[in-house]
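There are 2 protein chains.
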Amino acid sequence: MTNPMDTFETLNPPQRMLMGPGPINAYPRVHQALSQSLIGQYDPVMTGYMNQVQSLYRGVFHTQNQQTMLVDGTARSGIEAVLVSVLEPGDKVLIPVIGRFGHLLCEIANRVGAQVKTIDIEWGEVCMPDQVEAAIKSFQPKLVATVQGDTSTTMNQPLAEIGEVCKKHGVLYYCDATASIAGNELKVDEWHLDAVSAGLQKCLGGPSGSAPITLSDQCATVINQRKHIEAGIRADHHINGQGKMIQSNYFDLAMIMDYWGPERLNHHTEATSMLYAARECARLFLEEGPDTVIARHKQAGDALAAGLVAMNLELFGNQTYKMNNVVGVYIPANIDGDAVRGELLSRFGIEIGTSFGPLHGKIWRIGTMGYNARQECVLTTLAALEAVLIKHRANINPGQAVAAAIEYYA
Amino acid sequence: MTNPMDTFETLNPPQRMLMGPGPINAYPRVHQALSQSLIGQYDPVMTGYMNQVQSLYRGVFHTQNQQTMLVDGTARSGIEAVLVSVLEPGDKVLIPVIGRFGHLLCEIANRVGAQVKTIDIEWGEVCMPDQVEAAIKSFQPKLVATVQGDTSTTMNQPLAEIGEVCKKHGVLYYCDATASIAGNELKVDEWHLDAVSAGLQKCLGGPSGSAPITLSDQCATVINQRKHIEAGIRADHHINGQGKMIQSNYFDLAMIMDYWGPERLNHHTEATSMLYAARECARLFLEEGPDTVIARHKQAGDALAAGLVAMNLELFGNQTYKMNNVVGVYIPANIDGDAVRGELLSRFGIEIGTSFGPLHGKIWRIGTMGYNARQECVLTTLAALEAVLIKHRANINPGQAVAAAIEYYA
Numbered sequence: 001m002t003n004p005m006d007t008f009e010t011l012n013p014p015q016r017m018l019m020g021p022g023p024i025n026a027y028p029r030v031h032q033a034l035s036q037s038l039i040g041q042y043d044p045v046m047t048g049y050m051n052q053v054q055s056l057y058r059g060v061f062h063t064q065n066q067q068t069m070l071v072d073g074t075a076r077s078g079i080e081a082v083l084v085s086v087l088e089p090g091d092k093v094l095i096p097v098i099g100r101f102g103h104l105l106c107e108i109a110n111r112v113g114a115q116v117k118t119i120d121i122e123w124g125e126v127c128m129p130d131q132v133e134a135a136i137k138s139f140q141p142k143l144v145a146t147v148q149g150d151t152s153t154t155m156n157q158p159l160a161e162i163g164e165v166c167k168k169h170g171v172l173y174y175c176d177a178t179a180s181i182a183g184n185e186l187k188v189d190e191w192h193l194d195a196v197s198a199g200l201q202k203c204l205g206g207p208s209g210s211a212p213i214t215l216s217d218q219c220a221t222v223i224n225q226r227k228h229i230e231a232g233i234r235a236d237h238h239i240n241g242q243g244k245m246i247q248s249n250y251f252d253l254a255m256i257m258d259y260w261g262p263e264r265l266n267h268h269t270e271a272t273s274m275l276y277a278a279r280e281c282a283r284l285f286l287e288e289g290p291d292t293v294i295a296r297h298k299q300a301g302d303a304l305a306a307g308l309v310a311m312n313l314e315l316f317g318n319q320t321y322k323m324n325n326v327v328g329v330y331i332p333a334n335i336d337g338d339a340v341r342g343e344l345l346s347r348f349g350i351e352i353g354t355s356f357g358p359l360h361g362k363i364w365r366i367g368t369m370g371y372n373a374r375q376e377c378v379l380t381t382l383a384a385l386e387a388v389l390i391k392h393r394a395n396i397n398p399g400q401a402v403a404a405a406i407e408y409y410a
Numbered sequence: 001m002t003n004p005m006d007t008f009e010t011l012n013p014p015q016r017m018l019m020g021p022g023p024i025n026a027y028p029r030v031h032q033a034l035s036q037s038l039i040g041q042y043d044p045v046m047t048g049y050m051n052q053v054q055s056l057y058r059g060v061f062h063t064q065n066q067q068t069m070l071v072d073g074t075a076r077s078g079i080e081a082v083l084v085s086v087l088e089p090g091d092k093v094l095i096p097v098i099g100r101f102g103h104l105l106c107e108i109a110n111r112v113g114a115q116v117k118t119i120d121i122e123w124g125e126v127c128m129p130d131q132v133e134a135a136i137k138s139f140q141p142k143l144v145a146t147v148q149g150d151t152s153t154t155m156n157q158p159l160a161e162i163g164e165v166c167k168k169h170g171v172l173y174y175c176d177a178t179a180s181i182a183g184n185e186l187k188v189d190e191w192h193l194d195a196v197s198a199g200l201q202k203c204l205g206g207p208s209g210s211a212p213i214t215l216s217d218q219c220a221t222v223i224n225q226r227k228h229i230e231a232g233i234r235a236d237h238h239i240n241g242q243g244k245m246i247q248s249n250y251f252d253l254a255m256i257m258d259y260w261g262p263e264r265l266n267h268h269t270e271a272t273s274m275l276y277a278a279r280e281c282a283r284l285f286l287e288e289g290p291d292t293v294i295a296r297h298k299q300a301g302d303a304l305a306a307g308l309v310a311m312n313l314e315l316f317g318n319q320t321y322k323m324n325n326v327v328g329v330y331i332p333a334n335i336d337g338d339a340v341r342g343e344l345l346s347r348f349g350i351e352i353g354t355s356f357g358p359l360h361g362k363i364w365r366i367g368t369m370g371y372n373a374r375q376e377c378v379l380t381t382l383a384a385l386e387a388v389l390i391k392h393r394a395n396i397n398p399g400q401a402v403a404a405a406i407e408y409y410a
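Line by line, the protein sequences are chains G and R.
Using UniProt numbering, the letters of the first sequence map in sequence onto residues 1 to 410.
Using UniProt numbering, the letters of the second sequence map in sequence onto residues 1 to 410.
Errors might be hidden in some of the hints.
Remember, identical chains collapse to one label, so a pair may be satisfied in a single copy or spanning two.
[Said to hold, decoys possible] Derived lysine-lysine pairs resembling DSSO-like cross-links, with alpha carbons at most 30 Å apart: (1) 244 / 137; (2) 92 / 244; (3) 168 / 362; (4) 168 / 244; (5) 168 / 92; (6) 362 / 142; (7) 187 / 362; (8) 391 / 167; (9) 117 / 298; (10) 391 / 168; (11) 298 / 137; (12) 117 / 142; (13) 391 / 137; (14) 244 / 142; (15) 244 / 298; (16) 142 / 298; (17) 167 / 362; (18) 391 / 187; (19) 362 / 92; (20) 92 / 391.
Treat the hints as calculated values from the structure; they're not laboratory data.
Keep in mind the model is a prediction, meaning the values are calculated, not measured.
Isolated chain G, as found in the complex (with noise of 0.2 Å):
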């Protein structure tokens, strides 16, 4: 153990180049906005700027839902704070699992005490709309619950034509859209989502610890039925919702609507630095436009797989469902993927990723998002991920991969 009076250097992280499924670079301006000054959480300007924030996510998540605002947490505890809110003990969930992140969906609605089906989909592949269907007749959930893009397996989760299945049987239908947004087509209303949930770490471009949502008007009165606010700031014109109590307190979607709403009721602190930089994430996204940002990343992702394939590499996954912003390469015969990947980070200060579970050891996870979603991002991965593999003798055709993808661009 070290002293535990010692206080080490400066902080002084290396300039790396996240080409991993994320976190990734931040943009310039939202670290400018992550350093700014504090102020007050009922401050005028801060609750202004609150305001602004739900009008934004609005933009982003393509949705008129008074119900938008930030969790404060990273992408987990915006599913976790949907989940909890919504699933009462021993209520129905339905949830296609299409690759790690499903699992996890499960692993959160069962400790929500929640009765959990789901359709296990081969990694690699997606979900049909009417396997969601025969299951809902089956099991009549109150829930469907899904991923739409999940990095473990790179693939990317099509929700229209669930969102309308949901509509017909009256089911509510979540999406956790963290490793997707802003890289990908996300229309919240068009596609009868009632709640969805995000983090910035990834094609939104910031770092990791705010989580943004969505909610349906509909999803949020199913929610404050379940409204109980806390003992120490309870008044005589509260009143408690029928529903069973949310069994957080940090994650009670009911109250923390009653924070962001007119009345402002005390329930955390916000976490300001944090607003900040999802403020500036939407703000880049909205400004650049997001046709022109989700076209980038497809942009992007397409010259990348193009470059691999020139390179004589594996693509993995049913590529009609490839996530635009990540794509999962075999690790090519007799390689050490990970020593690979240990080179890439000490030589070029290029990170890329490893992969979970089944895939464990076969594939890499290669990622273009945010502010890395850029051409020169994409020729310098190639170009080193060459270079390292021509060391380890693999067995690809050098040079074709930058001319690739550089073809791909003109």
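Could you slot chain R onto chain G? The hints should help.
Quick look at chain R alone, frame taken from chain G:
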């Protein structure tokens, strides 16, 4: 509702002097840390920083506890992580309530399904060890949970003797030190505390959004008996504990310990910018020296109190137990407390605090915390408050307050 495509102006928060009960102005070095480059969560530099943060907070907490880390959320995320991880449904917890944040502990403990017994103390006083001992004997709790500094009343609960009582009776002892840490003495090992949680946004001089916690070996063992590693990442060598699964994934300290421990088992994606801030807060505290920082808080708090008394204002609560870093002061007769606060903010850019519950409308709360535990902040606040009170025709002694504070500093 605003136009969802509106991107608003560039972030430009006003420069406030935050002299309320927190949040406060961060140290300038913390702002610098927040803006540093991001790195990957398993980058050796990042895991090195995580180890440093563990060591640094051992210094802050005065502990040798291996299990010292951050929870990614605001201060109350640390409270909930401890309570939901330690307390199984039905477990008994004894909570002395000296103010609003004691009610919060009860609220969270109720939601995790614990049986809660309170010792209700009049606001402005603290709980005596013999009251705790008598209640332990009759109630036989698994855990005693207290708040150290409860900003709602400005009282600082003495902890050492209650620690002795808990040790004698074999009861776990948890304290929320969010508002008191780094401004008041806190000796985790010496006082036999088994779990402590905190936040950055008070005397540590950082932004809200990260919750340092520490757990004794005994407490970690109790929590690890409930360990259930999530399905997506569970491997054959992982053995589930015999206890009931922790009902939160995000706050599962058994998994969070594994994320911070040598296995580095993936849980959330660490909030890198907030970790940088937390690291810098601890470095500043240890560099200046714990005793020096606490003495600076006591000096600022006492100087402020001397000035307020010289102005002919009355202080709230038992001054023997007053927190160093915040004072409660009665709003003078016939004065609109919120109007005075509003003018302090609009004319001087100075924020002081309102109050909760039984004290609402009766007292202001004025803080001297972290970077703002400085003579210039104390004197400026006294001068500004006096000027506004004179404008409001309050019955005060003009021209005395700043002089009294300067004399105290001399």
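Right, here's what the structure says about each hint:
For a Cα distance limit of 30 Å, the shortest separation of residue 244 from residue 137 inside one copy, 26 Å, qualifies, whereas the shortest one across copies, 33 Å, does not. In the homo-oligomer, the alpha carbons of residue 92 and residue 244 lie at most 30 Å apart both inside one protomer (15 Å) and across protomers (21 Å), since each shortest distance falls under that limit. Taking the shortest Cα distances, residue 168 and residue 362 never come within 30 Å of each other, neither inside one copy (40 Å) nor across copies (55 Å). Taking the closest pair of Cα atoms, residue 168 and residue 244 come within 30 Å of each other only inside a single copy of the chain (27 Å); across copies the shortest separation is 38 Å, beyond that limit.
For the identical chains of this complex, residue 168 and residue 92 are intra-copy neighbours only, at 18 Å inside a copy versus 46 Å across copies, given an alpha-carbon limit of 30 Å. Neither within a single protomer nor between protomers do residue 362 and residue 142 lie at most 30 Å apart by alpha-carbon distance, with minima of 37 Å and 47 Å respectively. Proximity of residue 187 and residue 362 under a CA criterion of 30 Å is satisfied in neither setting, with 33 Å inside one chain copy and 49 Å between copies. Proximity of residue 391 to residue 167 under the C-alpha cut-off of 30 Å is found in neither arrangement, the shortest distances being 54 Å within a copy and 61 Å between copies.
Taking CA atoms no more than 30 Å apart as the test, residue 117 paired with residue 298 passes in neither setting, with 33 Å inside one copy and 57 Å between copies. In this homomeric assembly, residue 391 and residue 168 never come within 30 Å of each other (Cα to Cα): the closest approach is 56 Å inside a single copy and 64 Å across copies. For the homomeric pair residue 298 and residue 137, neither the shortest alpha-carbon distance inside one copy (36 Å) nor that between copies (66 Å) is at most 30 Å. With identical chains, the CA atoms of residue 117 and residue 142 are at most 30 Å apart within one copy only, with a shortest distance of 11 Å there and 35 Å across copies.
Within a single copy, residue 391 and residue 137 get their C-alpha atoms no closer than 56 Å, and across copies no closer than 70 Å, so neither meets the 30 Å cut-off. In this assembly of identical chains, residue 244 and residue 142 lie within 30 Å of each other by CA distance both inside one copy and across copies; the values are 15 Å within and 26 Å between. In this homomeric assembly, residue 244 and residue 298 never come within 30 Å of each other (Cα to Cα): the closest approach is 44 Å inside a single copy and 45 Å across copies. Taking identical chains as interchangeable, the C-alpha atoms of residue 142 and residue 298 are never at most 30 Å apart, the minima being 34 Å within one chain and 55 Å between chains.
In this assembly of identical chains, residue 167 and residue 362 lie within 30 Å of each other by CA distance neither inside one copy nor across copies; the values are 39 Å within and 51 Å between. When the C-alpha separation of residue 391 and residue 187 is checked against a cutoff of 30 Å, the pair qualifies neither within a copy, at 45 Å, nor between copies, at 54 Å. When the C-alpha separation of residue 362 and residue 92 is checked against a cutoff of 30 Å, the pair qualifies neither within a copy, at 35 Å, nor between copies, at 48 Å. Neither within a single protomer nor between protomers do residue 92 and residue 391 lie at most 30 Å apart by alpha-carbon distance, with minima of 53 Å and 62 Å respectively.
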